[in-house]
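Given these sequences and hints, build the entire structure.
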Amino acid sequence: MKIVAAEVFVTCPGRNFVTLKVTTDEGIVGLGDATLNGRELSVASYLRDHLCPQLIGRDAHRIEDIWQFFYKGAYWRRGPVTMSAISAIDMALWDIKAKAAGMPLYQLLGGASREGVMVYCHTTGHSIDEVLDDYARHKEMGFKAIRVQCGVPGMKTTYGMAKGKGQAYEPATKGQWPEEQLWSTEKYLDFTPQLFAAVREKFGFNEHLLHDMHHRLTPIEAARFGKSIEDYRLFWMEDPTPAENQACFRLIRQHTVTPIAVGEVFNSIWDCKQLIEEQLIDYIRTTITHAGGITGMRRIADFASLYQVRTGSHGPSDLSPVCMAAALHFDLWVPNFGVQEYMGYSEQMLEVFPHSWTFDNGYMHPGEKPGLGIEFDEKLAAKYPYEPAYLPVARLEDGTLWNW
Numbered sequence: 023m024k025i026v027a028a029e030v031f032v033t034c035p036g037r038n039f040v041t042l043k044v045t046t047d048e049g050i051v052g053l054g055d056a057t058l059n060g061r062e063l064s065v066a067s068y069l070r071d072h073l074c075p076q077l078i079g080r081d082a083h084r085i086e087d088i089w090q091f092f093y094k095g096a097y098w099r100r101g102p103v104t105m106s107a108i109s110a111i112d113m114a115l116w117d118i119k120a121k122a123a124g125m126p127l128y129q130l131l132g133g134a135s136r137e138g139v140m141v142y143c144h145t146t147g148h149s150i151d152e153v154l155d156d157y158a159r160h161k162e163m164g165f166k167a168i169r170v171q172c173g174v175p176g177m178k179t180t181y182g183m184a185k186g187k188g189q190a191y192e193p194a195t196k197g198q199w200p201e202e203q204l205w206s207t208e209k210y211l212d213f214t215p216q217l218f219a220a221v222r223e224k225f226g227f228n229e230h231l232l233h234d235m236h237h238r239l240t241p242i243e244a245a246r247f248g249k250s251i252e253d254y255r256l257f258w259m260e261d262p263t264p265a266e267n268q269a270c271f272r273l274i275r276q277h278t279v280t281p282i283a284v285g286e287v288f289n290s291i292w293d294c295k296q297l298i299e300e301q302l303i304d305y306i307r308t309t310i311t312h313a314g315g316i317t318g319m320r321r322i323a324d325f326a327s328l329y330q331v332r333t334g335s336h337g338p339s340d341l342s343p344v345c346m347a348a349a350l351h352f353d354l355w356v357p358n359f360g361v362q363e364y365m366g367y368s369e370q371m372l373e374v375f376p377h378s379w380t381f382d383n384g385y386m387h388p389g390e391k392p393g394l395g396i397e398f399d400e401k402l403a404a405k406y407p408y409e410p411a412y413l414p415v416a417r418l419e420d421g422t423l424w425n426w
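All the letters of the sequence shown, read from the start, carry residue numbers 23 to 426 under this note's numbering.
Errors might be hidden in some of the hints.
What the hints assert, rightly or not - Simulated restraints, written as ranges between beta carbons of each label pair: (1) Pro75 x Met23: 15 to 25 Å; (2) Lys295 x Ala96: 20 to 30 Å; (3) Glu419 x Leu63: 31 to 41 Å; (4) Lys209 x Glu48: 58 to 68 Å; (5) Met23 x Ser67: 21 to 31 Å; (6) Asn228 x Asp47: 52 to 62 Å; (7) Gly95 x Thr240: 35 to 45 Å; (8) Leu402 x Glu48: 20 to 30 Å; (9) Gly95 x Thr179: 12 to 22 Å; (10) Ala123 x His72: 23 to 33 Å; (11) Asn425 x Gln198: 42 to 52 Å.
Simulated from the structure, these hints should not be mistaken for lab results.
All values reported here derive from a predicted model rather than from experimental measurement.
For each residue, glycine too, the CB sits at the ideal point set by N, CA and C.
Here it is, written out as structure tokens:
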């Protein structure tokens with residue numbers, strides 16, 4: 023089965039998505055997601071100008087060989103642009119292979135390891151009371167795992183806080199320049215344990231409680247924070263400190279038993295190796311769109327399983343519904359699954375990407391359609407052209423640039 027076309031689409035039905043469409047001589051179409059928030063055009067160009075022409079004429083079934091060709095053959099390995107492009111190709115080829123086999127992708131991978139995929143939602147508010155209201159709303163929807171983020175007194179902006187009451191969290195700002203936000207570690211450390219105390223006091227311990235620190239703390243600050251919140255039994259604290267210095271997680275481990283989740287910015291198994299091998303984390307957050315597609319994620323998950331590290335894939339709405347569809351198939355199959363992030367999508371996004379997944383009482387299922395179970399409406403997508411948008415940057419109160 024030969025590849026006869028590979029097309030790249032950039033569309034913005036509320037936010038920018040990069041979609042790859044691969045077509046074979048048998049008329050089977052596969053979809054892949056190459057979205058890289060704030061760098062969408064870079065990935066689209068790399069795909070369109072360099073990789074897509076080299077796909078034409080190849081056997082669509084030779085997924086591993088094609089993956090290795092674009093990874094090893096380019097010489098300039100890894101990095102978010104390269105790996106997002108490879109991920110999209112890999113995703114599309116697995117979509118094609120599963121459709122050719124007449125089965126949903128999770129069956130082709132080896133079948134279901136569970137009945138459904140536990141997903142966690144985002145709750146947010148400018149005050150603890152607002153967060154509690156949002157938490158109650160999501161609890162009523164059936165979510166079993168809930169992330170909480172809250173505005174911090176004395177700080178105008180805080181990571182994870184929606185721009186309006188009742189709105190979903192959207193960090194990117196449209197325009198040619200990123201928003202600058204102020205950050206105070208001291209205020210955050212003093213206030214945030216009160217948030218967890220309020221949640222547990224009102225709702226108890228029935229739901230899994232998650233929190234994202236978004237790379238903001240130093241190792242010793244992360245250790246202090248993790249120890250201070252142990253009584254609230256968090257499911258995880260996410261990205262407590264920048265993960266480039268992976269040895270520093272040893273210090274955090276020495277001081278707290280709060281579980282740690284890291285990896286949403288990782289692009290390959292090599293980024294994960296030390297953290298997993300030394301058992302410095304409990305959940306690996308790599309995603310199918312940025313870490314080499316299904317093929318790359320299988321390697322990472324298989325390696326993590328040797329050390330009892332579970333998956334907890336990144337899954338906000340800046341990854342397209344194509345990625346979410348692929349992730350749900352992967353999650354349903356992978357033995358060492360932990361949880362899947364799910365922020366949801368707007369109606370206009372889902373009109374562009376008709377899907378077969380379902381949500382029921384805190385669990386999702388990818389559906390039984392062959393392949394990924396998702397489609398792409400090109401005509402509708404064309405009505406939503408690309409719009410420049412960038413993630414914020416953070417500065418300390420004295421003006422020092424900090425980790426956003």
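How the hints compare with the structure:
1. For Pro75 paired with Met23, a C-beta distance near 19 Å keeps the hint of 15 to 25 Å intact.
2. Lys295 and Ala96 have their C-beta atoms about 21 Å apart, which keeps the hinted 20 to 30 Å range intact.
3. At roughly 34 Å, the beta carbons of Glu419 and Leu63 sit within the given window of 31 to 41 Å.
4. Between Lys209 and Glu48, the C-beta spacing of about 60 Å keeps the proposed range 58 to 68 Å intact.
5. The given range of 21 to 31 Å is respected by Met23 and Ser67, whose C-beta atoms sit roughly 28 Å from each other.
6. For Asn228 paired with Asp47, a C-beta distance near 53 Å keeps the hint of 52 to 62 Å intact.
7. The hinted window of 35 to 45 Å between Gly95 and Thr240 holds, with their beta carbons roughly 40 Å apart.
8. At about 26 Å, the beta-carbon gap between Leu402 and Glu48 stays in the expected band of 20 to 30 Å.
9. In this structure, Gly95 and Thr179 break the distance hint of 12 to 22 Å, their C-beta atoms being roughly 43 Å apart.
10. Evaluation of the 23 to 33 Å hint for Ala123 and His72 yields a pass: the beta carbon distance comes to about 30 Å.
11. The hint said 42 to 52 Å for the Cβ distance between Asn425 and Gln198, and at roughly 23 Å that hint is violated.
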